[in-house]
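Chemist: Protein chains in written order, with the numbering used here: chain D, 1 to 361; chain P, 1 to 361.
These are computed hints drawn from the structure, not numbers from a lab.
Where hints are given, some of them may not hold.
Same chains, same names: a pair is fine if it fits in one copy or spans any two.
Unchecked claim - Heads up, simulated DMTMM-like pairs for lysine to aspartate or glutamate below, C-alpha to C-alpha not over 25 Å straight-line:
id, residue 1, residue 2
1, K255, E115
2, K44, E310
3, K104, E344
4, K21, E45
5, K105, D225
6, K314, D231
7, K104, D225
8, K21, D65
9, K21, D231
10, K304, E210
11, K21, E256
12, K317, D48
13, K314, D28
14, K291, E279
15, K104, D65
16, K314, E343
17, K104, E233
18, K317, E343
19, K105, E123
20, K291, E123
21, K291, D139
22, K317, D28
23, K317, E45
2 protein chains.
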Amino acid sequence: MARIFNFGAGPAVMPQAVLRKAQEELVDWHGSGMSVMEMSHRGKEFLDIAARAEASLRTLMGIPDTYKVLFLQGGASLQFAMVPINLLRGKTRADYLHTGEWSKKAIAEARRFGEVNVVASGEASGFTDIPAVSDWRLDPQAAYLHYTPNETIGGVEFPFIPDAGAVPLVADMSSTILSRPVDVSRFGLIYAGAQKNIGPSGLTVVIVREDLVGQALPGMPIMLDYRIHADNESMYNTPPTFPIYMAGLVFDWLKEQGGLAGMARINERKARLLYDAIEGSGGFYICPVAKACRSWMNVPFTLKDAGLDEAFLKESKAAGLLQLKGHRSVGGMRASLYNAMPEEGVAALVDFMRDFARRRG
Amino acid sequence: MARIFNFGAGPAVMPQAVLRKAQEELVDWHGSGMSVMEMSHRGKEFLDIAARAEASLRTLMGIPDTYKVLFLQGGASLQFAMVPINLLRGKTRADYLHTGEWSKKAIAEARRFGEVNVVASGEASGFTDIPAVSDWRLDPQAAYLHYTPNETIGGVEFPFIPDAGAVPLVADMSSTILSRPVDVSRFGLIYAGAQKNIGPSGLTVVIVREDLVGQALPGMPIMLDYRIHADNESMYNTPPTFPIYMAGLVFDWLKEQGGLAGMARINERKARLLYDAIEGSGGFYICPVAKACRSWMNVPFTLKDAGLDEAFLKESKAAGLLQLKGHRSVGGMRASLYNAMPEEGVAALVDFMRDFARRRG
């Protein structure tokens with residue numbers, strides 16, 4: 001098979017070096033005679049794998065000691081419930097910023113457990129922009145402020161961290177985590193499904209300030225209480241061991257890329273290359289997102305002539321550029337440029353786009 | 001590394017042929033240029049992998065068309081909550097059989113959502129026996145009857161399927177599923193964590209009769225409603241794609257072993273070999289479990305002289321017989337003989353045990 005580049009939004013491309021190492025170790029991990037998949041989660045070998053993965057993540061993100069790192073299951077979709085269940089803490093209201101499809105889902109789920117104050121909505125712009133901070137109606141009594149730093153579908157990314165004052169800030173970082181440095185101490189809780197920048201699907205990472213843990217709503221499943229997982233080092237029940245191992249390999253790889261600062265330089269270059277190609281296409285390609293909040297990770301764009309969409313997808317696929325079809329709610333194309341997408345992949349995409357525009361423009 | 005045999009209770013040994021195939025395909029699945037871990041869960045390739053896994057499971061277990069097969073996350077521990085949340089269906093009481101540590105956990109969790117009637121308890125026997133059916137206090141008005149066909153820790157396995165009359169029967173089959181044929185039509189719901197007989201951890205299989213789906217308790221997370229998963233073919237959110245792929249490989253391997261009937265013959269032979277060695281040790285080894293309900297999958301045994309436990313564990317490990325230490329709540333040893341444990345592994349264990357008894361007896 002010739003080299004292909006996978007622009008899917010997730011589960012997504014993984015670093016080739018990580019996949020090759022996993023392949024090498026798959027049947028017999030470090031001479032143990034066992035696959036990682038065969039190890040007891042309470043055995044010395046796996047406990048060491050999990051501890052190293054956590055330590056690497058702490059180093060990469062600079063996570064303060066006052067935060068717990070949890071390796072859970074259920075994806076961001078289960079966190080949409082676990083956040084209000086755990087963080088309402090006797091309050092009745094939470095603040096949510098509505099900037100696209102994923103914050104919409106988070107809001108709908110939170111309404112099952114409390115009152116949601118939509119601080120601001122990007123609806124007027126068709127979710128192509130972040131509402132001006134001056135228009136936000138923050139509630140100082142809110143239990144927390146939830147936002148989606150990067151909307152995977154709309155391609156809208158916050159270029160700043162919202163100031164929530166004394167209210168704990170909660171972020172669904174599924175599609176932006178590890179793409180650039182972030183000051184964790186400004187957050188009460190960060191969560192992310194693994195299948196974009198962390199590892200394979202089936203793993204959810206939660207980073208939570210310790211003082212926010214321990215006041216879950218009564219009458220809920222014990223598995224949805226952060227405390228039970230925090231108290232048991234994510235081993236209250238059997239964790240998703242292989243995805244945790246893969247995440248650890250990805251973290252090691254990130255260190256080799258210069259950590260998150262190094263990764264950010266690469267990601268910015270990749271994003272600029274693609275946005276410049278769109279802007280320089282004379283209107284053949286259009287990115288609907290406001291320039292100030294264009295995502296480094298997910299780049300939606302349309303063709304001026306939607307009648308060419310099918311040809312674009314067919315020919316790009318033939319050129320080894322896969323999964324460029326836009327989300328059904330947006331249409332057009334979407335190129336996801338996660339950490340593991342190499343710069344030559346973006347260069348190949350941009351070359352193809354220029355050639356396609358020349359031939360069909 | 002010399003051949004080792006892993007008797008751990010889970011995550012546990014997997015078939016070598018399955019691991020080798022996964023290794024071969026890890027970086028480039030079937031010439032797609034992608035790892036299975038990199039595939040979109042909504043893409044053609046993965047949809048085909050998931051559909052084939054489900055079809056294989058249906059064939060192996062003879063699952064009627066009136067049952068849904070769900071691939072979920074969260075393990076049996078989350079099912080302990082999802083079962084009452086979904087199956088109480090306006091009723092207030094459910095029946096539970098208490099036969100060991102895992103049914104105890106299921107009972108504790110169910111009490112968060114309704115009234116639990118403990119039909120019978122094995123406590124008087126120290127959970128080494130199944131209470132006589134004549135002593136069961138079944139409630140004909142119960143929403144369902146829950147039991148644990150095989151207690152992973154205690155090593156107690158039901159040699160029969162309880163008769164619940166018109167009340168739906170629910171089984172936590174985590175450590176017995178696929179070890180022998182079972183008449184699925186006698187159950188309302190079967191669930192199992194994958195990490196014993198199905199595949200790697202992080203996947204939960206639920207088999208549920210369609211008419212029991214759709215009446216979840218209000219005020220619960222949408223992710224805990226079987227309906228949302230049933231209506232979306234387990235793709236409401238991103239499923240644990242790699243574990244599902246591995247499960248599919250295990251199902252293919254099981255077909256090659258002659259399906260569940262073939263597997264049952266092998267499992268019975270393996271269990272008999274070990275139990276006979278214990279019985280024939282002149283009291284050097286003792287199995288506390290009543291003969292009629294000794295598990296084929298998890299065999300707990302103690303040494304007459306507990307002072308030899310440490311030497312037994314050290315020497316067995318040196319002989320390549322791993323993870324024989326019993327659960328802390330039972331002590332002594334436990335050998336798990338899941339499907340993927342080859343007969344020569346049990347033979348090696350039995351040889352070691354005889355030799356150890358001869359030297360230390």
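Chemist: If a hint holds in the structure, say so; if it does not, say that too.
Modeler: Taking the hints in turn, this is what the structure says about them:
{"no.": "1", "hint": "K255 / E115", "in the structure": "neither (41 Å within a copy, 52 Å between copies)"}
{"no.": "2", "hint": "K44 / E310", "in the structure": "between (53 Å within a copy, 17 Å between copies)"}
{"no.": "3", "hint": "K104 / E344", "in the structure": "neither (34 Å within a copy, 56 Å between copies)"}
{"no.": "4", "hint": "K21 / E45", "in the structure": "both (17 Å within a copy, 23 Å between copies)"}
{"no.": "5", "hint": "K105 / D225", "in the structure": "both (21 Å within a copy, 16 Å between copies)"}
{"no.": "6", "hint": "K314 / D231", "in the structure": "neither (51 Å within a copy, 31 Å between copies)"}
{"no.": "7", "hint": "K104 / D225", "in the structure": "both (23 Å within a copy, 19 Å between copies)"}
{"no.": "8", "hint": "K21 / D65", "in the structure": "neither (30 Å within a copy, 41 Å between copies)"}
{"no.": "9", "hint": "K21 / D231", "in the structure": "neither (32 Å within a copy, 38 Å between copies)"}
{"no.": "10", "hint": "K304 / E210", "in the structure": "neither (50 Å within a copy, 47 Å between copies)"}
{"no.": "11", "hint": "K21 / E256", "in the structure": "within (14 Å within a copy, 30 Å between copies)"}
{"no.": "12", "hint": "K317 / D48", "in the structure": "between (41 Å within a copy, 19 Å between copies)"}
{"no.": "13", "hint": "K314 / D28", "in the structure": "between (41 Å within a copy, 21 Å between copies)"}
{"no.": "14", "hint": "K291 / E279", "in the structure": "within (11 Å within a copy, 76 Å between copies)"}
{"no.": "15", "hint": "K104 / D65", "in the structure": "neither (32 Å within a copy, 35 Å between copies)"}
{"no.": "16", "hint": "K314 / E343", "in the structure": "within (22 Å within a copy, 51 Å between copies)"}
{"no.": "17", "hint": "K104 / E233", "in the structure": "between (31 Å within a copy, 22 Å between copies)"}
{"no.": "18", "hint": "K317 / E343", "in the structure": "within (18 Å within a copy, 48 Å between copies)"}
{"no.": "19", "hint": "K105 / E123", "in the structure": "within (14 Å within a copy, 46 Å between copies)"}
{"no.": "20", "hint": "K291 / E123", "in the structure": "within (17 Å within a copy, 67 Å between copies)"}
{"no.": "21", "hint": "K291 / D139", "in the structure": "neither (29 Å within a copy, 65 Å between copies)"}
{"no.": "22", "hint": "K317 / D28", "in the structure": "between (36 Å within a copy, 17 Å between copies)"}
{"no.": "23", "hint": "K317 / E45", "in the structure": "between (42 Å within a copy, 14 Å between copies)"}
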